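Modelling step: build the complete structure from the supplied sequences, incorporating the hints.
Chain by chain, the residues:
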Amino acid sequence: MKILVCISNVPDTTTKITFTDNNTQFNNNGVQFILNPYDEIALARAIELTDGGDGSVTVINVGEASTEPTIRKALAIGATDAVRVNAKAHDAWYVASQVAAYVKANPFDLILTGRESIDYNGSKVASMLGELLDLPSVSIIKKLDIDGDNVTVEREIEGGKEVLTIPLPIVAGAAEGVAEPKIPNMRGIMSARTKPLTVIDPVEVKTLSEIISYETPAPRGQVKLVAADDTAKLVDLLHDEARVI
Amino acid sequence: MPVLVYTENADGKFKKSTFEAVSYARAIADQNNTNLVAISIGDVSNDQLTALGKYGAEKVLNVSNAKLKNFINQAYASVVADAAKKEGADIVVLSNSFSGRGLAPRIGVKLQAGVADGAVALPEQTGGKFTVKKTAFSGKAFAIVELTSANKVISLTPNSYKVVEKGGAGKVEDYTAEGNASDFKAMIKEIVRSTDKVSLPDADIVVSAGRGLKGPENWGMVEELAGLLGAALACSKPVSDAGWRPHSEHVGQTGIAVSPNLYIAIGISGAIQHLAGVSSSKVIVVINKDPEAPFFKVADYGIVGDAFEVVPKLIAAVKEYKASA
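Same order as they appear, the protein sequences are chains A and B. Using our numbering, you'd call the opening residue of the first sequence number 263 and step up by one each time. Using our numbering, you'd call the opening residue of the second sequence number 15 and step up by one each time.
If you're looking for bench data, these hints aren't it; they were derived computationally from the structure. Since no wrong hints were added, every one of them can be taken at face value.
Listing some non-contacts, in silico: residues in chain A with all C-beta distances to chain B over 12 Å:
1) Gly317
2) Pro331
3) Ile451
Covered stretches of chain A (in silico footprint by chain B; criterion: 3 or more residues with CB under 8 Å from a CB of chain B, positions within the stretch not fixed):
4) 391-398
5) 431-444
6) 480-491
With a straight-line cut-off of 30 Å between C-alpha atoms, the simulated DSSO-like cross-links for lysine-lysine are:
7) A:Lys423 <-> B:Lys30
8) B:Lys296 <-> A:Lys278
9) A:Lys366 <-> B:Lys199
10) B:Lys336 <-> A:Lys495
11) B:Lys228 <-> A:Lys278
12) B:Lys176 <-> A:Lys486
13) A:Lys486 <-> B:Lys333
14) A:Lys366 <-> B:Lys124
15) B:Lys124 <-> A:Lys404
16) B:Lys81 <-> A:Lys404
17) A:Lys423 <-> B:Lys176
18) B:Lys83 <-> A:Lys404
19) A:Lys366 <-> B:Lys99
20) B:Lys303 <-> A:Lys486
21) A:Lys486 <-> B:Lys228
Note that the coordinates shown come from a computational prediction; the quantities given were computed from them, not determined experimentally. Think of the CB as a built atom: it goes at the ideal place given N, C-alpha and C, for glycine as much as any other residue.
Set out below in structure tokens:
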């Protein structure tokens, strides 16, 4: 089984997000970049599915050379090889188009992404890839099992879940529950340095969107403290002042 | 050119987030001085379809086809994109629900449209630019995205646009659609939906608890408070990681982002990752025994105290309030 895992290089979850150039650029000064946490889940499941068999796990990233430490991390965790499309990840459409072009030339049995990247939160690449490759796609999965030529996934829906069975190949976006992220061991870290990382040029894509600027949430006022034995006062405030109950 | 809104249903019923999407799409149609067409797929009663007029849909396309009864994103995308072409709509609006996330990008590709996902405000259309404000960095910021394509797809974050009732009855038309043969590879085996609980992304009130509760056996009081308030339950990451509560309740940067009217956080210190997922809440109440807990800095109301003493008292106060209301 050949599995492709699409990975993103994102700011660490503890990052305080700020902007520069009149709020038009993300301020990456001093920011630690990591493998997107949902992509780690997708990668962990891909490794589990090929463990002990003759399958392979390829990771693909659309990014500039600065993303290579994150790609090496994925190799250290256990990916077989890696591909970097040498281009700035302009938006989900651009990324999906690059990955689709690669997959058309190099078919896979299963393509995984994270449910979303924690920077732009689009949840779009998996579904766009499905559309570009005319494959079924499931955007947020909590469970994934392979049974011969079929895959069974659990999809999150409001207040519940949906179970689908789909013939391979498919594209799916992994969320918590699919697998536990794996921590690279020393052998993985050593071997990651010599595993193949192929850099390819991007295909030309017409852009459909541009980020113009950013805003940060408006700060809240000072917290109003209520005494611990006066919960009735809190209820009154929520009813009369905040008008939320 | 009209605006097209896809009206999602759950078990044949429209939800509040659907009415929000219709109200939002109506406002965009008003910006452009054009009509609003709704498209519904599945088994929805005629009364409910007509009622979409109340939120501003002049025309309602009703796709009632046994093959399309349940949501398959590939097939639904074909139907909605075809309808957009037939109606000449250049803007498609839908809810950024779990299903919407699997649908909007596919519609976007079919229409060669830029997709603004998770919109939190109406588009601005000035100087020939069409821009949409959306959440970014998991709630730590917003991005203003320009859609530069002729066609546009916008998915609306639930609870971020008010339902507006101002129209009359919508004109319901039967609309024949099949989807493409290759759209039906996915087979739905099972749908499990709890009808007695409030769904977290749609909830007006969320009651959330963290490690301060010390163990899963202590969730009874949290559930009781949520039940009294008609609230959805949520939790912090350490709680779902420890298996005390299901992952589907995990709110935060790597969980679900919520924007309810009221978020009550009990025994959650307020790590930056958790705050990211709740920053769009309109009112935040924090109950924590540590007065230095970072959560108090972003709270509107707070009680410094032990959850095991405060929550039972709060339950009693809510009961009293409800009895007098």
